[in-house]
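Enquirer: Chains as they are written, first to last, in our numbering: chain A, 31 to 455; chain B, 82 to 370.
Don't take every hint at face value.
Claimed, not checked - List time: in silico DSSO-like cross-link candidates among lysine-lysine, alpha-carbon distance up to 30 Å:
| no. | chain 1 | residue 1 | chain 2 | residue 2 |
| --- | --- | --- | --- | --- |
| 1 | A | Lys390 | A | Lys400 |
| 2 | B | Lys239 | B | Lys327 |
| 3 | A | Lys350 | B | Lys239 |
| 4 | A | Lys350 | A | Lys154 |
| 5 | B | Lys327 | B | Lys241 |
| 6 | B | Lys241 | A | Lys350 |
Claimed, not checked - Okay, the calculated bits of chain A under chain B, using three or more residues with CB under 8 Å as the criterion:
| no. | region |
| --- | --- |
| 7 | 148-161 |
| 8 | 302-313 |
What the hints assert, rightly or not - These stretches of chain B come out as covered by chain A in the derived footprint (C-beta under 8 Å, 3 or more residues):
| no. | region |
| --- | --- |
| 9 | 154-160 |
| 10 | 180-188 |
None of these hints come from the bench; they were simulated from the model. We put the CB at the ideal spot given by N, CA and C, even for glycine.
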Amino acid sequence: MNLHMIGCTHRAAGVEIRERLAFSGAQVGDALDRWQQSLPDTELVLVSTCNRVELYAATPHESTEAGPQELANALLSYHGVSPASVNGQLIQLENREVIAHLFRVAASLDSMVVGEPQILAQVKEAYQAAHDLGTAGPVLHDLFQASLHAARRVHNETGLHRHRVSIPSVAIADFATRVFEDFDDKRVLVLGAGEMAEETLRYLHDAGARRIHVVNRNEERGRQLAEAWSGDYHPWDDLWEQLVAADMAIGATAANEPVVTAATFAQHVAPRRHQRPLFMLDLAVPRDFDPAVGDALGVYLYSLDDLESACRLNRRARAKELPAAERILDDEVARYLAAAHHRVAAPVITGLRRGMEGPKQAELARLFNKLPQLDDAARGEIEQFADRLVNKLLHPPLESLRDAAREGPPHGLLDALRRLFRLED
Amino acid sequence: MESGVNIICFAASYAVALAIEVVGGWRQIAWRRWGLLLATTAGLVAHTWYLGRRVAATPAAPLASPHDWFLVAAWLLAVIALAAMIHYPGRSLGLFLLPATLALIGGSLAADDEPLATFAATRFWGILHSYCLLLGFLAVLLGFLAGMMYLLQSRRLKSKTLPATDGFRLPSLEWLERANSRALGAAAALVGLGFVTGVVLRWSRTDAVRGIPWTDPVALSLAAMLLWLLVAEGFRLLYPAARGRKVAYLTTTAFAFLLLTLALFTLYGERLHGVAAPSQPPSADGGQA
């Protein structure tokens, strides 16, 4: 097993380098296709996200044509980036380091926001793309499947993914879901068209929200945001009407003072809502909604400060889960390595069994010729005896092989077995 | 009972399930869900066994006496609790349903276990009357629990209790409001039907107690509860915008009537129904209020 990984991540490389080395979906296919022609014996998978660009390679033996330098050149030359410009920002890993790194990436322990769920799907997609193009072979198949298994274990056996840490994700997943059971029939009103509102809409859309309404002073920008989410734009004058009809309201304007005060809410909105629940998210600085609006019956108002406190607590809760996640990954890496080492020994084991099978069959045939009076039951017994004898003779060397495989590739033992049993012949 | 399964067995199982639910709210327990399911299922098995033995001993059971009535109500609530644990594993519904189950079991200890007198009415009306009231009372109880959860969840959301410090996960306000409204509607219909069938039962009697016992405290409290349920349901239907908190308060008040009715039923039930003579075989229509 010869594994390599060349690439850059948010830990070692700045965003300008990551941007220069990033691959779009179409570029991934093109690059893998091109590299496959120049490195025909090498399995390749390319993982490219906004936080990392990583090229995983596996060769059947120590390859001079697909060493770290050659892989780095392939990666950089695709974008015409000179090695000098990324000096010190590319990471190069081999064998065990590659396995441990990929497991951490898939389990989201290497992510900028530890525990974020998107990375698992991205790793899966990267492998699938390579598989479809035929650049991922059996070694990378095993490696990526094992990484997905390890990530699922971390997800299922720790609370790492339960605690969200970004403001919009906390707002939707931890607070809005405690008010609403589902979002597909909920009317979402966005005041303003800030970036935070757009990010929150993304989470809401993923959660099923489809009835998006935007109220904005700038009609062009408001319409733009509404169209991006298949919603409706309303002029600013409709604000009170829209607040009466809304189930959720997201404040994201650039106003210098609250656009909804307790008095205006009590005058224009509250009497017509009859205490119907209204989930309000104030993502603006300074605030769009007067905090006193939250005192109205049926109104659940959260500001950036409230959400940031939740994020901070979630980060602490996640940190507590990290040791358990690390233990799972260590366990999975050890298991993967043992299985990989055992696979190295597989041809020798097969050769040993085959080497015994021939003489066994020959001896049985000779014995049955000498004793033609044997009935089927007696023949069956003798065949079983021969099988048991072969298995018992093979048991000690195979056990020794398995034990040695736990420590590393048992090359010495394999050589000895090949020579002792003339397996090369 | 002779089988060795008694009320303590299943009450203890439900209590263990409740303890797991409570502790699970404070600290993460890996086996919490399985422990909850195991303890509740064990309780239900023992509970079913106990009720089965009661039915074998008194063929008119399970609603022949106030004691059985409470136990059947507790059994139904435990079934609902188990279903909620399976269907909504992340929510602390057991925290509300299990104490109510235990309270009903506690009520059965105070209630008379003598079969109530048989009536000169058809068995059909007796069974219908008993089951309608049982299910109606259960609907009021569930509506009350959903209302309590609604008010608690609303309060936690208002006070911005942070999810990371929030071990007890309740259903969403929307879910609780829906459950509360449905329970109120079901309670009004079932208690109403139970009351009407009770009137039919009394009118069908040919003896001296024929007619509606308007001076009976159980009948009076039941009539008051029914009136309140009808008013509450009418209010909910006429003002659909007035939901959530208001419906929660309405069901909470209905629960107060329920408590009063149950207390009177436990204390004075035999005055209305009379106790069956020991020689008479008990019948299923004994649960009339």
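Enquirer: Each hint: holds or not?
Expert: Hints and how they fare:
no., hint, result
1, Lys390(A) with Lys400(A), "holds, 16 Å"
2, Lys239(B) with Lys327(B), "holds, 17 Å"
3, Lys350(A) with Lys239(B), "holds, 28 Å"
4, Lys350(A) with Lys154(A), "holds, 27 Å"
5, Lys327(B) with Lys241(B), "holds, 21 Å"
6, Lys241(B) with Lys350(A), "holds, 23 Å"
7, 148-161, "violated (count 0)"
8, 302-313, "holds (count 5)"
9, 154-160, "violated (count 0)"
10, 180-188, "violated (count 0)"
In summary, the numbered hints that this structure violates are 7, 9, 10.
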